[in-house]
Amino acid sequence: MSTKPGQSQHVDEIQIGDDPTWLIEGLMPASGFGIVFGAPKSGKSFLLADALFHVAMGRTWAGREVMQGAVVYITGEGVEGFKRRMIAMRRHYAVEGEGVPFLMVPVAPDLGHASGDDAALIEDVRAYLASIGNPPVRAIAIDTLARTMKGADENAAKDMTTFVDNCERIGAAFGCIVIGVHHAGKDVAKGSRGSNALDGAVDVMWSVEKGEAGSTASIHHMKDAEDGASWQFRLAQMVLREGGATSQFVAAAVVEITSLPGEAQQGATAGSRVQVGARPLLLLKVIRLAIADMGAPVLGTVHIPHDARVISRENLKRYLPLHGYWDADKPTNSNRATFSADLKTLKAKDAIGLNSDYVWFAKGQS
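For what it's worth, our numbering labels the leading residue of the sequence shown as -13, then goes sequentially.
You may find that some hints are simply not true.
Each computed BS3-like pair below joins lysine-lysine, with the alpha-carbon atoms no more than 27 Å apart [claimed, not checked]:
no., residue 1, residue 2
1, K303, K316
2, K144, K172
3, K271, K316
4, K172, K136
5, K303, K333
6, K333, K316
7, K330, K316
8, K349, K335
9, K303, K271
10, K196, K27
11, K271, K335
12, K144, K196
13, K335, K209
14, K144, K209
15, K172, K271
16, K303, K335
17, K303, K349
18, K69, K136
19, K196, K172
20, K196, K209
21, K271, K330
22, K69, K271
23, K330, K303
24, K271, K209
25, K172, K209
26, K330, K349
27, K316, K349
28, K196, K349
29, K349, K333
Everything labelled a hint here was simulated from the structure, so no lab data went into it.
Use the sequences and the hints to build the structure in full.
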């Protein structure tokens, strides 16, 4: 018997602990085991890396609060591409040189066998964390599950259970959630590939499907919370280096969230409550996405509400061409004039607050 004497509790003695519930509010629990699955090229790895990079930065993601801390991302395939992706993200979010605690492990440990590499991985990560001040670990990503099975059979319940057990030992060592990236089965609606022992073990499962205009992520399963929330995103190319003797360029994709979780289900958003024309309404949507992505309070400013999350005008402008607000057929000065006029329209309708530097939502509109 593995239970130690004295651990039994009467129902009246059971209390809710102080441990945090959510890593990403309503979307990803703070502990346990999770899976993000989808077909090849659906964007599943991009989406998870972007979400966890926000955890490492301590910034809201897709409009949801996160619990800030270190992230360990194990990438067992496409290592060079993942490196480019990391460079693109730190530039896109303007955090180069700020020591964001996002750690990459460019090898695939053996997690498919009982005598695998879980103990060695724990030791290596602890040693690295000690060298950077021992920040708390919030998440460990394993990309992909298949690469870390190392010859074990993902269709066999016994082997898949061993994989899950190894992941749970790793998560318990750091008090964090472990999230595997996995391939979808032939029918995405039916879940991930391989043994259904995986489905029974997860605390959360995201599915990712690619469409014509981008990809859709959905909560396929959430233990102890509601399933079904979905949100959309697309991949935007970012040039990292260009020119040279051969005129080659190096690029990577960054994630742009195009609709927030629950928007489709709610049926009414800030935009639908504000009676303005199509262009100001589109700008309001872009503001919502930008604030969800990069918004933060500004202290010491008298005319901005103390609890408002704001976006600088300069950062907001970066989102305009990505979401179709900037008219490519018009000169820059014309686009800027339209932008300025639409901001004033939204302010006059009490949809946003505005000053010379920042934009924020008016109370009740976010």
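Results of checking the hints against the structure:
1. K303 - K316: Holds, because 16 Å separates the two Cα atoms, which is no more than 27 Å.
2. K144 - K172: Holds, at about 22 Å.
3. K271 - K316: OK: K271 and K316 at ~21 Å, within 27 Å.
4. K172 - K136: It holds: about 22 Å lies between the C-alpha atoms, which stays within 27 Å.
5. K303 - K333: It holds: about 17 Å lies between the C-alpha atoms, which stays within 27 Å.
6. K333 - K316: OK: K333 and K316 at ~24 Å, within 27 Å.
7. K330 - K316: Holds: K330 and K316 sit about 20 Å apart, inside 27 Å.
8. K349 - K335: holds (12 Å)
9. K303 - K271: holds (13 Å)
10. K196 - K27: Between K196 and K27 the Cα gap is close to 8 Å, so the pair holds against 27 Å.
11. K271 - K335: Since the Cα atoms of K271 and K335 sit roughly 15 Å apart, the hinted pair holds (cutoff 27 Å).
12. K144 - K196: Violated, at roughly 32 Å.
13. K335 - K209: Since the Cα atoms of K335 and K209 sit roughly 41 Å apart, the hinted pair is violated (cutoff 27 Å).
14. K144 - K209: Holds: K144 and K209 sit about 22 Å apart, inside 27 Å.
15. K172 - K271: Not OK: K172 and K271 at ~35 Å, beyond 27 Å, violated.
16. K303 - K335: holds (21 Å)
17. K303 - K349: The given pair, whose Cα atoms are some 23 Å apart, holds under the 27 Å limit.
18. K69 - K136: It holds: about 23 Å lies between the C-alpha atoms, which stays within 27 Å.
19. K196 - K172: holds (14 Å)
20. K196 - K209: It holds: about 25 Å lies between the C-alpha atoms, which stays within 27 Å.
21. K271 - K330: It holds: about 15 Å lies between the C-alpha atoms, which stays within 27 Å.
22. K69 - K271: violated (31 Å)
23. K330 - K303: holds (15 Å)
24. K271 - K209: Violated, because 31 Å separates the two Cα atoms, which is more than 27 Å.
25. K172 - K209: holds (24 Å)
26. K330 - K349: holds (17 Å)
27. K316 - K349: Violated, because 34 Å separates the two Cα atoms, which is more than 27 Å.
28. K196 - K349: violated (35 Å)
29. K349 - K333: holds (12 Å)
Consistency with the previously given hints fails for numbers 12, 13, 15, 22, 24, 27, 28, ordered from lowest to highest.
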